[in-house]
Every structure is written in structure tokens, then in C-alpha cells.
Amino acid sequence: MKTLRLAYHSMWPDHDPEKHPRDFFRWCLEQHYLVEIDNINPDIVIYSVFGDPPRKNQWASEPILVAYSGESHDAQGNFDLSFGHHMHADPKYKRLPHWVLYIDWNRDKTPANHPLDISHILSRHTVEWQPRLNFCNFTYRNPVKSRIEVFLALNQVKRVHSTGPLFNNQGFCLQDKTLELQAYTFTIAWENIQLPGYVTEKLLQPLAAGSIPIYCGGSESIKDFNPHAFINRDDFTSNQDMIDWIMHVNSNGKLLQRYWQEPIWCSPQDWPGQVFTWIYEHIQDKKSHLAL
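For the sequence shown, this note's numbering assigns the number 4 to the initial residue and increments by one for each residue that follows.
Hints are supplied without guarantee of correctness; some may be wrong.
[Said to hold, decoys possible] Only pairs whose alpha carbons sit at most 27 Å apart, straight line, appear in this in silico BS3-like list of lysine-lysine:
| no. | residue 1 | residue 2 |
| --- | --- | --- |
| 1 | Lys5 | Lys97 |
| 2 | Lys22 | Lys5 |
| 3 | Lys95 | Lys226 |
| 4 | Lys5 | Lys112 |
| 5 | Lys148 | Lys180 |
| 6 | Lys161 | Lys180 |
| 7 | Lys226 | Lys257 |
| 8 | Lys180 | Lys112 |
| 9 | Lys95 | Lys5 |
| 10 | Lys226 | Lys180 |
| 11 | Lys97 | Lys22 |
| 12 | Lys22 | Lys112 |
| 13 | Lys161 | Lys148 |
| 14 | Lys59 | Lys97 |
| 15 | Lys226 | Lys97 |
| 16 | Lys5 | Lys59 |
| 17 | Lys59 | Lys95 |
| 18 | Lys22 | Lys180 |
| 19 | Lys161 | Lys257 |
Treat the hints as calculated values from the structure; they're not laboratory data.
Build the full structure now, drawing on both the sequences and the hints.
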């Protein structure tokens with residue numbers, strides 16, 4: 004297996020290239036290369052929006068620059084390839100929704116003991132549904148007006164556990180959100196901003212946990228995930244209509260099982276393979292320079 008030298012630049016504060024499960028981009032590359040972290044003479048530099056964008060001439064190797072943004076704005080700079088949530092006509096830009104980076108894509112991992120393990124996600128709906136201990140979860144920091152309105156309205160009907168810094172009513176915050184959401188029938192899954200294509204881990208986490216998401220966000224959500232597996236605010240004329248449906252589902256065991264038995268994806272997509280293919284096209288273009 005050939006060696007590929009990889010560096011990261013301007014990543015989010017807690018990014019760790021050596022962590023397990025692997026950083027998504029490193030995982031994609033490690034399926035085809037022996038990847039070494041090399042900040043001096045990299046072949047590829049992956050960067051994000053938490054700092055100034057890099058320049059090729061910062062390194063003698065003039066690496067391929069791959070930009071990524073999981074935020075509502077795209078990464079800047081003179082990149083060779085860029086990933087984000089938008090749908091661009093620019094051939095150098097590819098849509099890569101942020102939720103993809105939260106999955107452990109290692110299919111060989113046994114046992115699949117975390118809800119975000121890919122083998123668990125693919126099979127979750129085949130396991131017998133069991134009633135949940137708690138009604139609904141709300142875990143947020145940012146005071147987005149529309150999500151606060153839904154939380155307050157639903158909480159008036161039936162107590163909603165707030166386990167984040169915003170409106171906390173439990174005295175603690177979740178430590179492993181996806182794992183702990185398994186105790187909830189519903190989860191308010193409300194994006195910070197509603198933009199086309201902007202679909203984050205807020206929808207994936209409750210789906211993986213088997214907690215029915217009450218979702219408001221990007222229109223691509225119904226393409227990224229099975230629309231029958233979650234409650235979508237776009238399907239209702241008002242918050243009250245949606246809350247009426249939530250309470251109806253909560254009191255109907257057959258409806259709860261129906262949501263549970265829906266697969267998370269209608270047609271699972273090989274995101275690691277697709278992302279590697281896009282990057283590999285640039286490796287091939289610059290093969291003579293990289294000596295790979």
C-alpha cells in the first residue's frame with residue numbers, strides 16, 4: 004500500500020487527527036493508502052473555517068488543498084476541492100452534509116456497540132421496538148427563536164427534558180448525546196438555521212438512537228434520510244398542528260412502531276467511497292508532482 008502524507012489546517016478546536024474512530028477524511032484515505040500525518044511536507048492538506056485558509060506555497064510540496072465547512076458558510080481560499088452543504092454548479096465544489104462526519108464507517112467493527120456505528124445504523128430498524136423511559140429531549144446552547152417556541156409549546160403539553168445549557172431543567176447536560184437519546188421517544192431536532200442543503204448531525208443523532216426526530220431544517224433532509232422515519236415541521240401548517248400529531252403518535256403504540264420500523268435511509272450511500280473518488284481525481288491529476 005502506498006504512503007500518503009496528510010496535514011490538517013484551521014480545523015475545529017477539538018479536532019484530533021489521531022482519534023478513534025478516525026476523522027472522516029483520514030478514514031476515507033486509509034482505505035486506499037497508508038496515511039501518515041506530516042505537517043512539513045504533506046501531499047494533501049485538509050482545512051476548515053476555524054482560521055485563515057492555507058496557501059500552497061506554505062509547503063515546498065505544494066499539496067492538494069481540500070476545503071471543508073460544516074458551518075452555514077463555505078470555506079474560502081484557493082482550494083483544489085471544496086466540500087460543504089450547498090448545491091453548487093462549481094465543479095470544484097461537492098455537497099458533503101455535516102452529519103456524514105459523525106458516523107463510524109468501519110463496517111468490520113464488532114460489536115457495533117454505539118448508535119453511530121454504521122452497522123448499527125443500517126440495522127437499527129430490524130430490532131424489536133421497546134417503549135422509552137422519557138417523553139422528549141431538547142439539548143441546545145444557541146437560543147434560536149423558532150426552536151425555543153416549539154420547546155415551550157410542547158413542554159406545556161407534556162414535560163420535555165432540556166439537557167443542554169439552554170433552558171436546562173434536569174440539572175445536568177448530556178455527555179454522549181446519541182447514546183443517551185436512546186432513553187427518549189422523541190427529540191427536538193432543530194437546525195440553527197434553515198438553508199437548502201444544510202442538514203447536520205441534529206437529525207442523524209436521534210435517528211440513530213431510535214428517538215423520533217421532530218425536525219426543522221434543510222429541504223435536502225428528505226433526500227438524505229427516509230422522510231417516513233421522522234416528523235418534519237415542513238409537513239404541518241403550524242406548530243400546534245405538529246404538536247397535536249406528536250401527542251397522537253405518543254399515545255398510539257402502532258404509530259410509534261411504524262416510525263421505529265422505518266430504515267434511516269431509503270437507499271444507503273457510500274459516502275466514504277464517493278468522497279475518496281472525488282479526492283482521488285485530484286491525486287491522479289497531480290500524480291507526477293506527488294510521486295504517488
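Against which earlier hints does the structure fall short, listed by number upward?
-> As far as the earlier hints go, not one is violated by this structure.
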